[in-house]
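*Asks:* Here's the letter readout for the chains.
Number of protein chains: 2
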Amino acid sequence: MAVDPERHARTIASLTDSPYDAIVASSPTEVLLLTGYWPVMGDSIAFFTSDGEVRVVIPEDEVELAQKTSAAKLIPYKPAGLHTLADPLQLLKGPLQGVIDGLALPHTRIGLQLGQGVQPSSYAVCTQFRSRLVELLRELAPASIYSGCDELLEDMKAVKTTKELELMQTAANVAAAGFVEAARCIRPGLRETDVAAAAQSAFETTEKAEGLQRSYGYFFCMSGPNSATADAAYARTRQRSIEDGDLVMIHANTCADGYWTDLTRTYVAGEPGDRQGDIRAAIDEARTTGLRAIRPGATGQQVDHAVRATMELHGFGNAFKHAAGHGVGFAAANPNGRPRIHPLSTDVLKAGMTFNLEPAAYFEGYGGMRHCDVVTVTNDGVKVMTEF
Amino acid sequence: MAVDPERHARTIASLTDSPYDAIVASSPTEVLLLTGYWPVMGDSIAFFTSDGEVRVVIPEDEVELAQKTSAAKLIPYKPAGLHTLADPLQLLKGPLQGVIDGLALPHTRIGLQLGQGVQPSSYAVCTQFRSRLVELLRELAPASIYSGCDELLEDMKAVKTTKELELMQTAANVAAAGFVEAARCIRPGLRETDVAAAAQSAFETTEKAEGLQRSYGYFFCMSGPNSATADAAYARTRQRSIEDGDLVMIHANTCADGYWTDLTRTYVAGEPGDRQGDIRAAIDEARTTGLRAIRPGATGQQVDHAVRATMELHGFGNAFKHAAGHGVGFAAANPNGRPRIHPLSTDVLKAGMTFNLEPAAYFEGYGGMRHCDVVTVTNDGVKVMTEF
Chain A
1 MAVDPERHAR
11 TIASLTDSPY
21 DAIVASSPTE
31 VLLLTGYWPV
41 MGDSIAFFTS
51 DGEVRVVIPE
61 DEVELAQKTS
71 AAKLIPYKPA
81 GLHTLADPLQ
91 LLKGPLQGVI
101 DGLALPHTRI
111 GLQLGQGVQP
121 SSYAVCTQFR
131 SRLVELLREL
141 APASIYSGCD
151 ELLEDMKAVK
161 TTKELELMQT
171 AANVAAAGFV
181 EAARCIRPGL
191 RETDVAAAAQ
201 SAFETTEKAE
211 GLQRSYGYFF
221 CMSGPNSATA
231 DAAYARTRQR
241 SIEDGDLVMI
251 HANTCADGYW
261 TDLTRTYVAG
271 EPGDRQGDIR
281 AAIDEARTTG
291 LRAIRPGATG
301 QQVDHAVRAT
311 MELHGFGNAF
321 KHAAGHGVGF
331 AAANPNGRPR
341 IHPLSTDVLK
351 AGMTFNLEPA
361 AYFEGYGGMR
371 HCDVVTVTND
381 GVKVMTEF
Chain B
1 MAVDPERHAR
11 TIASLTDSPY
21 DAIVASSPTE
31 VLLLTGYWPV
41 MGDSIAFFTS
51 DGEVRVVIPE
61 DEVELAQKTS
71 AAKLIPYKPA
81 GLHTLADPLQ
91 LLKGPLQGVI
101 DGLALPHTRI
111 GLQLGQGVQP
121 SSYAVCTQFR
131 SRLVELLREL
141 APASIYSGCD
151 ELLEDMKAVK
161 TTKELELMQT
171 AANVAAAGFV
181 EAARCIRPGL
191 RETDVAAAAQ
201 SAFETTEKAE
211 GLQRSYGYFF
221 CMSGPNSATA
231 DAAYARTRQR
241 SIEDGDLVMI
251 HANTCADGYW
261 TDLTRTYVAG
271 EPGDRQGDIR
281 AAIDEARTTG
291 LRAIRPGATG
301 QQVDHAVRAT
311 MELHGFGNAF
321 KHAAGHGVGF
331 AAANPNGRPR
341 IHPLSTDVLK
351 AGMTFNLEPA
361 AYFEGYGGMR
371 HCDVVTVTND
381 GVKVMTEF
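So the sequences go chain by chain: A and B.
In terms of this note's numbering, the numbers along the first sequence are unbroken and rise by one, the last being 388.
In terms of this note's numbering, the numbers along the second sequence are unbroken and rise by one, the last being 388.
Hints are supplied without guarantee of correctness; some may be wrong.
[Stated by the list, open to error] Using C-beta positions, here's what the derived DEER-type ranges look like:
| hint | chain 1 | residue 1 | chain 2 | residue 2 | range |
| --- | --- | --- | --- | --- | --- |
| 1 | A | Arg184 | B | Gly277 | 40 to 46 Å |
| 2 | B | Pro296 | A | Asp155 | 35 to 41 Å |
| 3 | B | Ala143 | A | His107 | 34 to 40 Å |
[What the hints assert, rightly or not] With a Cα cut of at most 30 Å, we get these calculated BS3-like pairs of lysine-lysine:
| hint | chain 1 | residue 1 | chain 2 | residue 2 |
| --- | --- | --- | --- | --- |
| 4 | B | Lys73 | A | Lys73 |
| 5 | A | Lys321 | B | Lys73 |
| 6 | A | Lys321 | B | Lys321 |
It is worth saying that the hints were derived from the structure and are not from the lab.
Ideal Cβ placement from N, Cα and C applies to all residues, glycine included.
Extracted from the complex, chain A is given alone in its bound form (with noise of 0.2 Å):
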């Protein structure tokens, strides 16, 4: 049984209502879905069977982080070491065929992640086993069917349960700290890279982070023009001194044991001018709206229009140049997360879902501001997991 008795029925629950038998990951995200660990290497390999066995093959230098958070039964293998240079893959052979036929999945439907899709990083570097895992099965086990069950796992980490949201929690409140330092440190003269470093910095030694196996993310400050290219897809650090009256954007991706947030403030480096009270004003409201929107039965377009919908009566709709918000927890920065708070999404709310809900305005040559939280949604409306 995994450590999260609630996930761990659920996931049971998922496999009876689909056309596998188990599902094989390797996926840090996903193999911190199906059993509570959060691989650090990318190179365990975590099996799932519809009568809630689990098991995960793994390098003998993460049992011990994985035995703090997940009750699964671990099988250790060592995937380097002096008196071999094996393809670490031939390595994994003997460890899943162990688990092949101790869980007598020979026969059986096997789903697997086939698809494409954004995972957050786990560490400086990450083992992707591409085309070469489903081969490896084929091989250990050519009798099974093997099929993408990339929907299921994206639908099965949309809500989350009791155990995940307190761990949400907790990256939130250890996000905090960074936020807190940045907004008391930005002054004019001050280049974005030391801003950033000392939100950086203040996330990585907050006390609130104590009982966290791993802490880990990212901060980052983007000021005046700068902030304004704050609607790609990523954000960068960049060496520029900030300037008085500039827009400063913190913005951080951070997570607690494999559990992520999104997450941006946007200050003012010295006196707010009218110009930038007013598009305040206009987000504040469309954050408003947009949570007043969110309960279960919703759908991701409604938020969204009600967040887009108040941008527009500021004058800001054009300035508002993405989607109001996406699936957060499991993923962190994915569009494509479940729920999608987008124009077009019909994801419908339901309680336990998690997303971001981001207001902003982008102006190019001027700047850019962005307020984005973390939500529940809960039973009754919703619940902000970063109210500082």
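Position chain B against the provided structure of chain A, taking the given hints into account.
*Replies:* Okay, now just chain B, sitting in the frame of chain A:
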């Protein structure tokens, strides 16, 4: 033509000698190798043909960044937007078809990354295509023959060009700022998180990174008994308070526009004791004998042996638990990066190869010491990139 004529000519030569008419790659490291551009989000696709044509199908918000480091012809696409919720792969179809037709690839032998590999992190999140890119290519150019060219790419990455060596040297110089700060601040009472954050911050704010598009990386601190387990495949900073007399290991993986370092230094909190002096003397000597063994024509085995024999002579043979090094530059921390400096490695050193040399000793419950440099094989010996 790519910005780096030396790499461009070499890639043509590699393809000419290979069974492939073109290589198509999407992993950021291999896109960097083929084009000079290190993608952020992992959804750029590089094409390199045996007659030297280079194309990158690239998300439009990475175009400006790509133009600064690559002269490859860029074909922008929009992977997400307000007017579509389509599968991002579907949005790639048109641009990919254009490149395939333009390069006359429909009846050619195309090399792809199909094998497992270790990929450095390029951002907080990264796209993985898994099996879908090859499926899509098969759909768009069904008469072409697709096969894995992973080994060829591995070989191509081993020997760096003059420009690549310069960027690696810059990466080493920037990383040095973090180590200087760590050496300055380590003292009993600080937590590992405090020291790692201070080193990270110095790295992120140093002016040595000016001129780079992306100076990016990770600093870790492991002290006392925690440093004893630093022979693991990964490093991990904890909240432990450093005690007087502890060994304190600082490990970093950093990069300059995609070219990575793998670096470790070990300090003592307070006054070093005799045992620590003995370990350091052994490691210093092992480093010297290792460096002396490096020259074109030597094997990885010979270099590993030079280091290992010295550690054994000092009575630390069993404490030196891993190989003496592995290729770095395109790889960060990958034991299979070429050349492998390993007891069984027959990899032959050539001028321009870059790897780390990492004599170390780990004592369970007490601590570990490692000194990890990045070195280049020169025409007549070796150059250490990390003399700090």
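*Asks:* With 34 to 40 Å as the target window, see if B:Ala143 and A:His107 comply at their CB atoms.
*Replies:* 36 Å, holds
*Asks:* With the threshold set at 30 Å, check whether the alpha-carbon distance from B:Lys73 to A:Lys73 stays at or below it.
*Replies:* 50 Å, violated
*Asks:* Next pair to validate is A:Lys321 with B:Lys73; report whether the Cα-Cα distance is within 30 Å.
*Replies:* This hinted pair holds, its Cα atoms lying about 27 Å apart.
*Asks:* Would you check the hint for A:Lys321 and B:Lys321, treating anything up to 30 Å between C-alpha atoms as holding?
*Replies:* Cα-Cα ~53 Å, so violated.
*Asks:* Does the Cβ pair A:Arg184, B:Gly277 satisfy 40 to 46 Å?
*Replies:* 43 Å, holds
*Asks:* Mind checking the hinted window 35 to 41 Å against the Cβ distance between B:Pro296 and A:Asp155?
*Replies:* The hint (35 to 41 Å, Cβ to Cβ) is violated, given that B:Pro296 and A:Asp155 are roughly 55 Å apart.
Going through the hint list in order, the structure does not satisfy hints 2, 4 and 6.
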